[in-house]
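Chains as they are written, first to last, in our numbering: chain B, 564 to 680; chain U, -11 to 99.
I should point out that these hints are in silico values taken from the structure, not numbers from a laboratory. Treat the hints with care, as some may be off.
DSS-like mimics (lysine-lysine), calculated; alpha carbons at most 27 Å apart, straight line [stated by the list, open to error]:
#	chain 1	residue 1	chain 2	residue 2
1	U	K55	U	K44
2	U	K30	B	K576
3	B	K620	U	K30
4	B	K620	B	K576
Stretches of chain U that chain B covers, calculated by requiring three or more beta carbons in the stretch to come under 8 Å of a beta carbon on chain B [claimed, not checked]:
#	region
5	23 to 37
6	55 to 63
Sample of chain U residues with no beta-carbon within 12 Å of chain B, all distances over it, derived [what the hints assert, rightly or not]:
#	residue
7	D71
8	A86
9	T88
10	P99
Where is the CB? At the ideal position from N, CA and C, for every residue including glycine.
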Amino acid sequence: KAGVTQTPRYLIKTRGQQVTLSCSPISGHRSVSWYQQTPGQGLQFLFEYFSETQRNKGNFPGRFSGRQFSNSRSEMNVSTLELGDSALYLCASSRLVDGGGSNSPLHFGNGTRLTVT
Amino acid sequence: QKEVEQNSGPLSVPEGAIASLNCTYSDRGSQSFFWYRQYSGKSPELIMFIYSNGDKEDGRFTAQLNKASQYVSLLIRDSQPSDSATYLCVVKDTGRRALTFGSGTRLQVQP
C-alpha cells in the first residue's frame, strides 16, 4: 500500500507570494491533517479535513487555508508569504476523523520544505 | 509555558543501556498520550500510545503515565544505535480533538 505522498518536496518562494502544497493520503484514509514543523516551535497543528470538511483548526492566521477533494486528496495554501513561514509542512492521513488514536494512527508524509526569501 | 514540555537533549546513552525520555503536559483534560519517533530528515512514526495510569510495555519500549503529576515517560531498554532519533511526546485532549506535539528529545545511542 502506497504511503502518504506530498508534493513538491522542496519549494523556494519570495515574501508576498502564495504557495499551494499537495497531499495524497493512504488509500482508504479519509482524514488529512496538516502540520508545520520548525526547529523553534516543533510540530504545530494547522487543520484537519475529513470528507471534504474542515473538522479542526489550529491557531494559525487566515493566510493558511486548505481544502479536501472527493478523493480525499488535500491541498494547503499559504498566501502573502512571510519569512517566518519557512518550515517543513507535514501532511498526515488517518482512517478516522480525529486521527491519532490507537485505532486510527497518523501516517505522515515526507513533507514539503518551504523556504521563503 | 508550552503545553507539552520535553528536554531537547541530546540525551546520550551507551549501547545496551536504558534510555529514559520524559515529558510533562499542562492540560489536565488530556486523555491520550503518544510517543512518535522521527529520524533525521524523515517523518514522524507512532511507536507507543498510553491512556491509563501506569506502565505499558511493547518489546523494548515502556511508556509510563502519571496523570496526577501530568507526566509521561518512555523507557527504551537495550538501546541500539538504530534508536538514535528525536522522540516526540504527543498529547490529545478529547475536548479539542487535535494533537499537541512536544518539541522532541534527541536521543543519541553511542556504539
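Structure-based check of each hint:
| no. | hint | result |
| --- | --- | --- |
| 1 | U:K55 with U:K44 | holds, 14 Å |
| 2 | U:K30 with B:K576 | holds, 23 Å |
| 3 | B:K620 with U:K30 | holds, 25 Å |
| 4 | B:K620 with B:K576 | holds, 25 Å |
| 5 | 23 to 37 | holds (count 6) |
| 6 | 55 to 63 | violated (count 0) |
| 7 | D71 | holds, 19 Å |
| 8 | A86 | violated, 5 Å |
| 9 | T88 | violated, 7 Å |
| 10 | P99 | holds, 27 Å |
Against the hints set out earlier in the document, violations occur for numbers 6, 8, 9.
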